[in-house]
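Chain residues, written in single-letter form:
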Amino acid sequence: MVDLTHGADGHAAPGHDEELELYHPTNWVTKYVFSQDAKVIAIQYGLTATAIGLVALVLSWLMRIQLAYPGLLAFIDADHYYQFITMHGMIMVVYLLTAIFLGGFGNYLIPLMLGARDMMFPYLNMLSYWIYLLAVLVLAAGFFVPGGPTGAGWTLYPPQAILANTPGQQWGIIIMLVSLMLFIIGFTMGGLNYVVTVLQGRTKGMTLMRMPLTIWGIFTATVMALLAFPALFVGALMMLFDRLLGTSFFMPSIVAMGEQLPTGGGSPILFQHLFWFFGHPEVYIVALPAFGIVSDLISTHARKNIFGYRMMVWAIVVIGALSFVVWAHHMYVSGMNPGFGFFFATTTLIIAVPTALKVYNWVLTLWRGDIHFTVPMLFALGFIVTFVNGGLTGLFLGNVVVDVPLSDTLFVVAHFHMVMGVAPILVIFGAIYHWYPKITGRMLDATLGKIHFWVTFLGAYAVFFPMHYLGLLGMPRRYFEMGETAFVPPSAHTLNEFMTIAALVVGAAQMLFLFNLAWSLRHGKEAGGNPWRATTLEWQTPETPPAHGNWGPELPVVYRWAYDYSVPGADRDFLPQNDPWPGEPAPAPDTAVAEGAR
Amino acid sequence: MEHLADDRVMQGHTAPPKMSGWRGFVADWASDQGAFKGVSWGKAMMWVFLLSDTFVFGCFLVAYMTARMSTVVPWPNPSEVFALEIGGTSVPLILIAIMTFVLISSSGTMALAVHYGYLRDRRKAGLLMLLTAFLGACFVGMQAFEWTKLIHEGVRPWENPWGAPQFGSTFFMITGFHGTHVTFGVIFLIIMARKVLRGDFDDGRRGFFTSRKGRYESVEIMGLYWHFVDLVWVFIFAFFYLW
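As you go down the protein sequences, you meet chains A and B in turn.
Take the first sequence: its letter number 252 is residue 252 in our numbering, and every next letter is one higher.
Take the second sequence: its letter number 35 is residue 1035 in our numbering, and every next letter is one higher.
Take these hints with a grain of salt, some might be off.
[What the hints assert, rightly or not] In silico contact screen, one side only, chain B against chain A (beta carbon under 7 Å); selected entries:
no.: 1; residue: Asp1032
no.: 2; residue: Ala1035
no.: 3; residue: Phe1049
no.: 4; residue: Phe1055
no.: 5; residue: Cys1059
no.: 6; residue: Thr1071
no.: 7; residue: Pro1157
no.: 8; residue: Asn1160
no.: 9; residue: Pro1165
no.: 10; residue: Gln1166
no.: 11; residue: Phe1209
no.: 12; residue: Ser1211
no.: 13; residue: Arg1212
[Said to hold, decoys possible] Derived DEER-like restraints, expressed as beta-carbon distance ranges:
no.: 14; chain 1: B; residue 1: Phe1177; chain 2: A; residue 2: Ser253; range: 46 to 52 Å
no.: 15; chain 1: A; residue 1: Glu554; chain 2: B; residue 2: Ala1097; range: 56 to 62 Å
no.: 16; chain 1: B; residue 1: Gly1141; chain 2: A; residue 2: Leu134; range: 28 to 34 Å
no.: 17; chain 1: B; residue 1: Gly1176; chain 2: A; residue 2: Thr30; range: 36 to 42 Å
no.: 18; chain 1: A; residue 1: Tyr479; chain 2: B; residue 2: Met1069; range: 36 to 42 Å
no.: 19; chain 1: A; residue 1: Gly483; chain 2: B; residue 2: Ser1070; range: 35 to 41 Å
[What the hints assert, rightly or not] Over 12 Å on every C-beta distance to chain B, these chain A residues come out as not near it, computed from the model:
no.: 20; residue: Val33
no.: 21; residue: Leu54
no.: 22; residue: Val58
no.: 23; residue: Ile65
no.: 24; residue: Val195
no.: 25; residue: Val223
no.: 26; residue: Pro338
no.: 27; residue: Phe343
no.: 28; residue: Leu364
no.: 29; residue: Met443
no.: 30; residue: Ala446
no.: 31; residue: Glu484
no.: 32; residue: Gly569
FYI, nobody ran anything at the bench for these hints, they're computed from the structure.
The structure presented is a predicted model; accordingly, all values stated were derived computationally and were not measured.
Just so you know, even glycine gets a beta-carbon here, dropped at the ideal spot from N, CA and C.
Using the sequences and the hints given, assemble the complete structure.
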């Protein structure tokens, strides 16, 4: 750890990286609680996201029970049902998926996969987590305030979100908006870290085009998040003013309960634009890290290089860019100029091109590979199937004329649960099974893992596949109960019961997973440094779990891309990125790049 | 440059042909270790942050324009609303002109502070930063005066005597959010000036929170933020007061 020298003018000399001045923890609190080590922060993010995710899981159970057996649980009334919907959606999208992919996997994998000692700004990184935790606690506080959490739906559309008689209008909506703003502030702190570490903090030899696709996915998603979250921040702030100060940003003239409200002149559509300018990129903020991780899982467990690496990278970047010009496809029924509908339908359908390219490349990676049906691989394969499924219904909904009748039916619910609910969560599971040995030094139990996979995968299909059918029947979403509805046949109700039972079983299977996580911590098989015989740098650390600072005295030097599996002529079926084969053992330390600092 | 050479040595290959056009552009961005050569982490982070913050202000301004263009009630005339009575005559936009002048001038003093920082002239750099902070504080002070005047005249976030209620709401929200940025800038300028004057960047004293050593480059990074806040003001000025 040599401090680097600077030119007389205080600039870092060109080509020199400042060596990361690591904060060295001195006691238990700075090591495990207020830790500045990205690996600890990653685990904190992961555990917090999982904890709040369990709340969302229970809420989904309650909703399913209400749909299949209306009145069975007497405490669920219409207001509660809407509150459950809102909280389930917001928790899953923002506080679980975004946080665990970027805060969790991002923090753990970016420094390790790039050969860095830590994130570039560890203190900021620590703050990021604690503000995230605060956001989660504020969100959870919504359950305990008078009137309960907001029941406006996760899209929080005004004016209904802040009008009287919407559940949680009193406190819940304020809590929700404040929590979202806190989340965005905390995320920005972490996001700056991820972006700058990827751009400026790579080890020697690690060009951008040698980065594992996991990092490409997380990096692109973070850039998108830094550009998309501002819109939500602004929307949330303006709605907060509408609610607290009585401004009319989003409030038109309204007569409610026979009374003229004092608001007027605001535009509810403006909120929808701001929300979806965030909301649509958000879908890909969740999906792109999943794309990246799944590419690495498939390549590693099929012992074959990823097919079309460069195209995979470009597909990620293109999807990220396109996702900023499609947002209004969420607003076809809000009413807009038909020309805009045409534009947004076109851009939406164009996204199918790079996405399909990725799917083809995954399949071609598997083609004639040496496929090992390990637990991570099962989840990766499950992801591909589920994602294709959800993507195809996306083509339906991207077209204005098809979307208008299907919008506000269960078809939409089935679509987004498949594509951005089940699919990314399968990847999260796969990733946990894959990297748990590096994080803890022990393997997760494979038998429990396989049970977990099959129950989750088949169960999720049992829940969401019939939902497409119900949606095509015209069964509306967000209805507390159906009552006497002539166009919904009695058989649909049987299907509803079936889906609920499946949902309960899938939820229960997650308890098995949690048990596996806890049990394997002590009793799992010793993993060793590189149990999957993978090429990426995080598996080449001198210690497992990686020590503070990740690497020994020398940072690794990268000689190749991340996908050298089954290279003809090599003595093993994988070549780690820092393996110089077939060149000389190790290059002379390069004098041009701050020798001392390396 | 050195990085490209390193790559060749490492791979044991001969020099790759220098790429031009699109491929060369990509190769430059994707090159070894760092995308931006000679750019420190702190500076890169500030640029990324400013990009994100641009989107925040962009959304604010777009929201304001939407409100202004879709309102069915007349929008108050800014040159009358923001006029001051001086010596019995009404001078339009005079206060805002002075505020703009002060803020733009503070960008100049900030730039000088950066210059003297790199010359390691502690005293001049520190004092110029304090001067910048003073000008920033003046700006916020005048903004407070303007707010007070408007509030006395009956402007509220939810209504005003002259027309569309969105006038008050967007005015207080956008200038308030910008003023908050300036205020944070002033606070950080004072903290940084103290560090500079005390010589923290010369003797390698470690930061209170981050326990990292600071460098004179921090002055420049601070400057980036400050110039950004000025630039944003130019847009607010143009869209809110001149429109």
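Hint check:
no., hint, result
1, Asp1032, "5 Å, holds"
2, Ala1035, "4 Å, holds"
3, Phe1049, "6 Å, holds"
4, Phe1055, "4 Å, holds"
5, Cys1059, "4 Å, holds"
6, Thr1071, "5 Å, holds"
7, Pro1157, "5 Å, holds"
8, Asn1160, "11 Å, violated"
9, Pro1165, "6 Å, holds"
10, Gln1166, "6 Å, holds"
11, Phe1209, "6 Å, holds"
12, Ser1211, "6 Å, holds"
13, Arg1212, "5 Å, holds"
14, Phe1177/B with Ser253/A: 46 to 52 Å, "27 Å, violated"
15, Glu554/A with Ala1097/B: 56 to 62 Å, "60 Å, holds"
16, Gly1141/B with Leu134/A: 28 to 34 Å, "32 Å, holds"
17, Gly1176/B with Thr30/A: 36 to 42 Å, "37 Å, holds"
18, Tyr479/A with Met1069/B: 36 to 42 Å, "37 Å, holds"
19, Gly483/A with Ser1070/B: 35 to 41 Å, "39 Å, holds"
20, Val33, "16 Å, holds"
21, Leu54, "31 Å, holds"
22, Val58, "34 Å, holds"
23, Ile65, "40 Å, holds"
24, Val195, "5 Å, violated"
25, Val223, "8 Å, violated"
26, Pro338, "19 Å, holds"
27, Phe343, "18 Å, holds"
28, Leu364, "23 Å, holds"
29, Met443, "34 Å, holds"
30, Ala446, "38 Å, holds"
31, Glu484, "41 Å, holds"
32, Gly569, "16 Å, holds"
The structure is inconsistent with the numbered hints 8, 14, 24, 25, although it conforms to all the rest.
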